[in-house]
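Given only the sequences and the hints, what does the whole structure look like? Please build it.
Protein sequence lines, in the order shown, are assigned to chains A and B.
The working numbering numbers the first residue of the first sequence as 48 and each following residue consecutively.
The working numbering numbers the first residue of the second sequence as 48 and each following residue consecutively.
Hints listed in this document are in silico derivations from the structure and should not be mistaken for laboratory results.
Among the hints, a few may not be true.
For chains that are exact copies, the list does not tell them apart, and a pair is met inside one copy or across any two.
[Claimed, not checked] Only pairs whose alpha carbons sit at most 25 Å apart, straight line, appear in this in silico BS3-like list of lysine-lysine:
hint: 1; residue 1: Lys-284; residue 2: Lys-51
hint: 2; residue 1: Lys-170; residue 2: Lys-51
hint: 3; residue 1: Lys-385; residue 2: Lys-170
hint: 4; residue 1: Lys-51; residue 2: Lys-145
hint: 5; residue 1: Lys-427; residue 2: Lys-375
hint: 6; residue 1: Lys-375; residue 2: Lys-397
hint: 7; residue 1: Lys-218; residue 2: Lys-427
In this text the structure is predicted, and so the values were computed from the model without any measurement.
Protein chains: 2
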Amino acid sequence: MLNKDYVAMTAGESVIRKMYMYGLGRAAQIGAENVFDYSLGNPSVAPPAEYTDALVDLVRNENPLLVHGYSPNVGMMAARQAIVDDLNKRFGTDYTVKNIFMSVSAAGAIAHALRAVVTPELKQNVITFAPFFPEYRPYVGGAGAELRVISADTNAFQINFEELERTIDEKTAAILVNSPNNPSGVVYSTATIDRLAQILTAKSKEFGHVIYLISDEPYREIVFEGVDAPFIAKHYKDTIVCYSYSKSMSIPGARTGYCLINTEAEGYDDFVNVCVQISRGIGHNCPPTLMQLAVAKAPGALSDLKVYEENCNILYGELSAMGFEIVKPGGTFYMFPKAPSGDATAFCEKAKEFDLILVPSDSFGVPGYFRIAYCVPTEKVKRSLEAFRKLAALYF
Amino acid sequence: MLNKDYVAMTAGESVIRKMYMYGLGRAAQIGAENVFDYSLGNPSVAPPAEYTDALVDLVRNENPLLVHGYSPNVGMMAARQAIVDDLNKRFGTDYTVKNIFMSVSAAGAIAHALRAVVTPELKQNVITFAPFFPEYRPYVGGAGAELRVISADTNAFQINFEELERTIDEKTAAILVNSPNNPSGVVYSTATIDRLAQILTAKSKEFGHVIYLISDEPYREIVFEGVDAPFIAKHYKDTIVCYSYSKSMSIPGARTGYCLINTEAEGYDDFVNVCVQISRGIGHNCPPTLMQLAVAKAPGALSDLKVYEENCNILYGELSAMGFEIVKPGGTFYMFPKAPSGDATAFCEKAKEFDLILVPSDSFGVPGYFRIAYCVPTEKVKRSLEAFRKLAALYF
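Written as structure tokens, this is what we have:
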């Protein structure tokens, strides 16, 4: 028979997906242009031409046995070299190809990083901070650890350090952070990261083993003007970066990203080869060769990301003026306002009456908020303001 | 610290890879044209133009937000529909999109299929037949089951049914088969598959639960003239097919394949959604969108595969004449002759003296044989015969 645990999981329904499906149904009724679908975190701008031109050039002009052939399990050397060169130039680091393992996007990177640092027999835990991406639950559970969630700092969506210090214990294998954050849009400040690093250094010493910092950074390149956005790996030696090109290059379908470990991190010598071993058991060894080679030709290329900041400014300004309480995002394409009724689900149901598709916050580990994924055309953001005004009028 | 089990695994070395690396080193010394590298199962012919043209057309002419965007977790509808239409036309089946889950090549397909049918708490086993692909060990172990290996039928590389009947028990969740087979090149006959189906039907009844047949078929399209090659899923209802385009289209770097379950199989209603749940824990949700869409445009396209049969005929005829004992392959690009000394490792070491790079059979679960991966240009096969002759002269 089929594994009953997985069968039971199929009954669960993602609230994000439920809202998205509702929006699709409504679009079929009244036209997609009349539905203000803020449910999904799908990039709304095209990939950079450097990337798409590279794809075509590779297919048309390079050796097909290379371009379509197997990648080494650690990833294509050309991609690994180009990526660390780009990081070193931007962040003043000195990574080499030995620091990097090419992964199937951020999901694959996190799957590898967690398995690398967790020993299931030890009944360890991994700590994250609300609000958090709901898939962290299956990621951490799949690696054989318990996910512990620190409740949100709702003043600023930075980190609730008091609760962290109470929660971290000798069974803590890693801390999993996501900055810029989905769903809050907030970026952890240098002060936040430095305090986190201090605590982890002290606790690692206290417990006699390293506590890793796994930094999930798919939104690293989407930071708004003037925002303090530290490169986290420079602030704590035992950091593993999990990256994806899904958002920065608008290529989530390319399933391409990486794990990067600091040279000073414990386990550095083994990490990349450990990732290779992990792949063998979970069935995905590396991203597609063609995408790796295309990224290698343009490792720093970016989509035209400024639309997200423009959308953010419009929504933040207008919704704040309507009465919504919002911590101003520093990046991403998300915003996480307080649900005025306190009941996020009821609020998002009410929003449907105005064809606003919003996601209630509960699955992100914080009750009483809602997520706006404003990766939509700016003209649509502007047209949606009238619907937000009608909705706000019911509460304020 | 890092997980010690994975660190320990890094010390292990694949004998295939070791031979390949030796060949690379030798090529640097004497020129690649003088090294007869039969170590790796990498396709040696280009992908079909239908596929590469589709890639370029999609990148140049289709909506970039679709082509580079997220795939649904089950796979792109266009790909699923095109693939089942192609299968139905070729095999007289009546699959629909509900039968198929798009996977990250055959490795991803097997990772999903095994997790779907194994319940780790039940301490189940999965049975396979020697000779077998060495990665079946981490695949089965990673899914939480014990791999049991039935020793080889060295007369014909069909199935040792007596040992199967003794080995199968109430804890057997699935049988994992690979036909056409890596490394023997042999195709299971209709008689073999029908007898296997009879045994599984009887044992499923005896034990009161279904025993699945997981059919790993990346070489399905590489079958030589006149060979009886049944479509296995038509012979046993509880079959899950694991497929990859890596060999048929020469695109192993595209990481694209699928899991397909029979409509009559137990668990059919849940299977595809169970695969979606499994993906959440292991971090790979589907193959790249672009590759799925390219396959959708040409689901039945094939590389020019006849070179493999030509190489097989040359090597089989010549090596047999030299005195090697070989079960004639029915497909793939592998051949599995008996090592004349009985010691496969010593034989393959000796072969190096003639710059023949061969792989000893031990890691495939059978001592005393060697694998020839003849996915190389035919002119090179011809030039290698002199080296084989010199080698054979030492033994016969």
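Hint check:
no., hint, verdict
1, Lys-284 / Lys-51, "between (41 Å within a copy, 20 Å between copies)"
2, Lys-170 / Lys-51, "both (23 Å within a copy, 15 Å between copies)"
3, Lys-385 / Lys-170, "neither (36 Å within a copy, 48 Å between copies)"
4, Lys-51 / Lys-145, "between (41 Å within a copy, 20 Å between copies)"
5, Lys-427 / Lys-375, "within (21 Å within a copy, 65 Å between copies)"
6, Lys-375 / Lys-397, "within (24 Å within a copy, 70 Å between copies)"
7, Lys-218 / Lys-427, "neither (48 Å within a copy, 57 Å between copies)"
Hints 3 and 7 from the earlier list are contradicted by this structure; the remaining hints agree with it.
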